[in-house]
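Student: In order, the protein sequences belong to chains U and X.
Just so you know, the first sequence maps onto residues 0 to 326 in numbering that gives the first Met the number 0.
Just so you know, the second sequence maps onto residues 0 to 499 in numbering that gives the first Met the number 0.
No lab work stands behind these hints, which were simulated from the structure alone.
All C-beta atoms, glycine included, are put in the ideal place defined by N, C-alpha and C.
Just so you know, nobody snuck in bad clues.
Distance ranges between label pairs, derived from CB positions:
no. : chain 1 : residue 1 : chain 2 : residue 2 : range
1   : X       : 368       : U       : 109       : 24 to 30 Å
2   : U       : 174       : X       : 379       : 41 to 47 Å
3   : U       : 304       : X       : 119       : 55 to 61 Å
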Amino acid sequence: MNNNIQNNIAADAGTGTSRAADIFKKQEVFLAIVIVVLGVIVSIVNPLFLSLQNFFNIVLAVSITGVATIGLSLVFISGEFDLTLGAMMSLQCILFATFATKINPAVGIILTLLFGLVFGAVNGFFVTRIRAHSFIITLALLSVYSGLALVISKGNWVSMVGTFMVFKNKIFNIIPNPAIVFVIALIIFAVVYRYTNFGRILYAIGGNPQAAYLSGLKVKNYKILAFTIAAVLYSVASIVLVSMLGTAQPTSGDVYMLEAFAAAVVGGIMMGGGKGNMLGLFLGVIVFGLINNALIIMNVDPFWRDVVVGAIILAAVGVSGFGASRK
Amino acid sequence: MEIPHDNLVLQTKKIIKNYPGVRALNDVDFDLKEGEVHCLVGKNGAGKSTLIEILAGSIKPDGGIIEVFGEDYNQLNPTKSIALGIETIHQENFLAQDMTVAENIFLGNLKKNKAGFFSMRKCIKDAKEIFSSLDVSINPSVLVSTLTPVEKKVISIAKAFSENLKVLILDEPTAALDEEVENKLFKTVKNLLSKGISIIYISHNLDEIFLLGDRVTVLRDGKKIATHFIKEVDEKKLISDMIGEEKAEMTREKSTAIFEGELEVKNYSRRGVIKDVSFKVKRGEIFGIGGLVGSGRTELVSMVFGIDKKDSGKLILNGKDITPKNPVDAINKGLGFLAEDRKTNSLMLYRPIYENISVVDLIKRSGAFLKLQKERKSVQDISDKLNIVAPSINQLVVKLSGGNQQKVVFGKWLIANSDILILDEPTVGIDIGAKEEIYSLINGLAKQGKIIIMISSDTPELASMCNRVGVMRAGKMIKILEKDEVSEENILKYSIGSQS
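The whole structure should be built from the sequences, with the hints applied where relevant.
Tutor: Right, here's the structure in full:
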């Protein structure tokens, strides 16, 4: 209480709260430091780390997670929760592989994106109509999408090797195509969040839904839109994934849910809404890619990976407190 | 007033409680005799709640002594208070709605049968015993959710009743005085008195106090003003004690500019909440809505702005029906609503000032992209005009003081250029300097020909700002005070005084 008042007085005097301390509380700055420190340590151990080739390896490794995390950021920033990410990606992988082999890849892409649109709208519809936390509602829908993936694939792998391998290729023999998809998506959504009415509205409804509603914004409609665009981005991530792997399993996407959640939280996309940007998200995703890559390059037993990842999440959230709830 | 010391149940001596920047209680002496009803009255913020919280042990005083049955304490805690026989019935009911009355009575001490299992039959039987000793006629086997508010209050009292109970504190137990209150609640209270239990009764309703009380203590601004025997005092004296002698009738210049046209709020009703409220506001006029918290003021304006459902009601501007269907519709029709509790209803605390101010403007924009430079310029102009103190308009709202936060909320409706402004508690929790700035802002808007409806619990503020004031009580607008009638006494009189 007292502290608060002092802060207010400081702000009133025009000085703001201590600037230097604030800088280190910015997740972007914190993540940049983590990346640099990690980079220095790894390149001392193994100089190969600093090669351009390895840089693109890192970006490639996080492209799919990256695109999915951008989708998730829309839902987070609007103040909701989406557990369907992994299950929906699994379903979309199966759908895309099935369409691509049975009809052709172009139709497959269009249909998979359309299905993403429909699933996302369904998510948004239920979240805004049922009076329950989106955690519960998307948990239920997660099960539905998981089940559908099994039903459609009858539990089998769908192979499409040789059908659509665009995302196995590299431009100029060095830049992997999936990385280009990730970077384009990043730029588009950096612009959406910063320069469009829609982006501003998402921050507003996530920042305080009641205030947004009383300011005349149609909160529910925009939440549905956020879920819809998120699911379309999951579709994009799924298409790229299947094209890279050449096969789709009914569980291909499951692993991406926790990765995307972790990257979003570490990247400063606030659960609860109203805060987060694409630079933070990019750095958050890269931190995870970097850790994976460093462990490989330093010849660490890969089984240690998850332990390290968990420690990094705790450290990131603990040090800067940016995963903290706001009350 | 000399009271024989031997039948005093409890007594406070020179109790002090400080909060940052305000002394909530200042040397308050208070005493309670065995078997009496001692009423506590005072305006909002006079210190009534703080005093009873200290007796209940949930707040620690900064000075003074609490004497209970001859023993002195510097402070109490909730366990200690209950052990001493002091129980509080709060304004809200803490009852499990979907359990039976009997289960609620024994919640925490559920009755068991010989085998050690919960026994509903025993609960009901024991509840009946308590009810018959208190002369309560409620069936213990019905669900609490089926009871009326007054019956729920009686159940709360029965729940607090035990062999150990010595002092019962009732914090504003009723919304309005009616037959049910007299027949059920007062009867229960009188039965408690006959068992030697003493009662501290907080009420905003003077009728109740005259019906039930033995003595009454008036608090004002944290100080005890007087303790009277009910038989020796009248309503006029109590109200003047509550307001104070030095009538701070601020000589603020009221808006006098009257323009053509008026807004008519017509027949607003919702069952159980608002009963047929109508009034008119002229352009350039500030219309105040007074009354107690819970009298239906906020509910009324929420209906007018299209937020809450209504059974009936039309909003008519210059003869044209502009009744809003929802907030979007209201904003498009020129209404602005500065909601009470800015942190919950109005501000995105973790977003910058400029986003908070420009948010109402978003629905009016066409095209996909923001016009950032134009937006920043118009927000900067408004921020300068409102004198918002911050390093820049990029500052997060959470870092601003209450007064500056409230200016940001005003900024929203200035950007929207609202024609009709509804202000719900526009100056709550802000410092005096910022208050004055907001007063002159509101006056300025009225002089420009806006229509302004202003709700406030701060009676001096209403009396000094408004051209006319409608006083609400139990969902009805019971009186509209015209120009010369607008005064603190009148607002208070119609809010709490005798209705006859």
